[in-house]
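Colleague: Listed below are the residues making up each chain.
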Amino acid sequence: MKPSSLKTDERTLALLKNIQVFMLPVLLVFSLILFATLSPVFLTAANLTNVAVNSVDLALVAAGLTLILLMGGIDVSTGFAVGLTAWFVGTLSGLNLNPYLILVAAIVIGATIGLFNGSLTVFFGIPSIVATIGTAAIYQTLLFLLWNSRDVFAEPVTPFLSGSGRWLGVPTLIWLVLLIYLALHVVLTKTSFGRSIFAIGSNPEAANLIGLKIRRTRFIVYATLGGLIGLAAVTYLGRVGVVQAYSGNEITFLAIASVVVGGTSILGGEGSILRTLGGVAFIMILNNGSVLAGVPSIWNGVVIGSIILLAVSLKGAVVILERKRSGI
Amino acid sequence: MLIVVIILTTVVMSLISPFFLTQSNLLSLLMYTTVVGLLALSQTPVILAGNGGADLSVGSVLSLCSVIFGTLAVVMDLNPWLAAIVTMVCGALLGLINGLFITLLNLPPLIVTLSTLYLYASLALVISGGRDINGFDEAGFAFLGQGSILGIPAMVLLVLFPVYLFGSFLMNKTVFGRNVYVIGSSAEAAKLSGINVVRTKILLYVFSSVVASLGAIVTASWLLNARSTAGSEFLLPSIAIAVLGGVAINGGIGKVSGTFLALVLVAILNSGLQLAGVNSTIQIGLLGVIIIVSILIRSKDQSKAIAT
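Here the protein sequences come in this chain order: A and B. By the working numbering, the letter at position 88 of the first sequence is numbered 88, and the numbering carries on one by one without gaps. By the working numbering, the letter at position 299 of the second sequence is numbered 627, and the numbering carries on one by one without gaps.
I should point out that these hints are in silico values taken from the structure, not numbers from a laboratory. C-beta: ideal position from N, C-alpha, C; glycine also. There are no misleading hints in this set.
Reference listing, derived: stretches of chain A covered by chain B, where coverage requires no fewer than 3 residues with Cβ under 8 Å from a Cβ of chain B:
{"id": "1", "stretch": "135–146"}
{"id": "2", "stretch": "244–256"}
{"id": "3", "stretch": "304–310"}
Using the sequences plus the hints, can you model the full thing?
Modeller: Okay, here's the thing in structure tokens:
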């Protein structure tokens, strides 16, 4: 290869990497400015708090999903898993049980669902996308059967887990999300368990060869996602107040979108959980802002879909150029 | 194996409901089958080509093509047959987009088609503004979806059977088909033996989307309406039928005829459950179980591989 073309490749690679890093912040700032100009209500503290409180269930699911994507897997059953768990939470709420018992029950039910998904991919070797397409259908039907044409109405399990709870003037739900993201960030960056998640995602065979317990790690991650789905079901119900036949469905794709827009590589091995929070923020701001600005929200799907495809393509191009550079 | 199950189910269903084996029921069974069958066929070669491939966007391609077709034939008042051809060209373009992203940027097919699943469905919503498009030229065009020849629905005789025969011919008798099988067993080996892997893969996704766009035209002719959500329910059955038909999810193994037998079985189940008054949401769960169980049965030897 000519040195000049090598140089161009270097430059393209650096450019693409810059775009990867700065895409999310630029999108966030751009959408904030855009909607602040279009709507006087948008940039008020009341509205932004409202957006933050409404994105809690999405943020929790997206946090768990980030770990799955880091390992190179995916889960398209999260939405109905939230809906299904929320049905149990709503029904248990009607029995006047201790709220913390209900909270624990929700996390256990969510973790069970997560372990079911996990065992299909980890122990039976079904690719996670196909397995979760199947389980999504099963959860949808289970929710439908349990719902049985009767909407389940419920009050928030505890004020602490509803939009009205406050600590130091900030909604308790936001503290909860920050705490979980921070904890997962520490686990991912400071522990050997976290590093093994990255290792499995970037090269499962190599991770196997150096003796990492792949199956155990993946199993724990699926259980973690499940537990977060349980928690999300509680906040979802606290926000919406009712469980119906299709409850939660909308979360599935928005969660994947949040993670990918946040820059976590859908190919595994690369990403950051804190950036997922930025992805959640962008998607929720887009939804809220377009409503306030009177922009038809049907365009949101096209915008989000294009950004995802762009993010994925950038990653693909970077991988190709890096391989070319190292001469593989 | 599948044939035995088909015979057994038929016997059980006809015992459960006396209406099952009536001519009118068997005919309506074939109607449902046509659209689902087209999408299952469009899925088959893509899964056969391996690399964890499956075209998750087929349902959204159907939706988008449905809206495009509606816009051309009703809103712009184009001749429906001409509009159908333009719609199929659009279908080919949508598949080309999938194929180009997958091959040129070397991205996993599932990720690309998951993105376009969302993107195409959103575009369909934007183009239609979320409204149904009604008012197709009924006289001539409706014959395809509602008429029949010698007692057999026109869409089965003129679309489903020919397309399956073509698909079977394509996969069994042509160089293209053989290449797909080779790529499905080992993309590396295919490359070494001089197969143009990139071109073959792109063609696969074009084929997949064109067949899905046919599904859009058939749906429009059957229901005389076009919706932006027309295809959203078909992704699940398309994968379930292909996998049930013996198409291994890891590629390389499976036949179009297997997909066809699985289609017949799912259609019989669907019709029987409908006659028994079982809600269609329960059938969704059943399809989910079918996907997982058929992979579990077949993948025992592959389960040692590290799946993601």
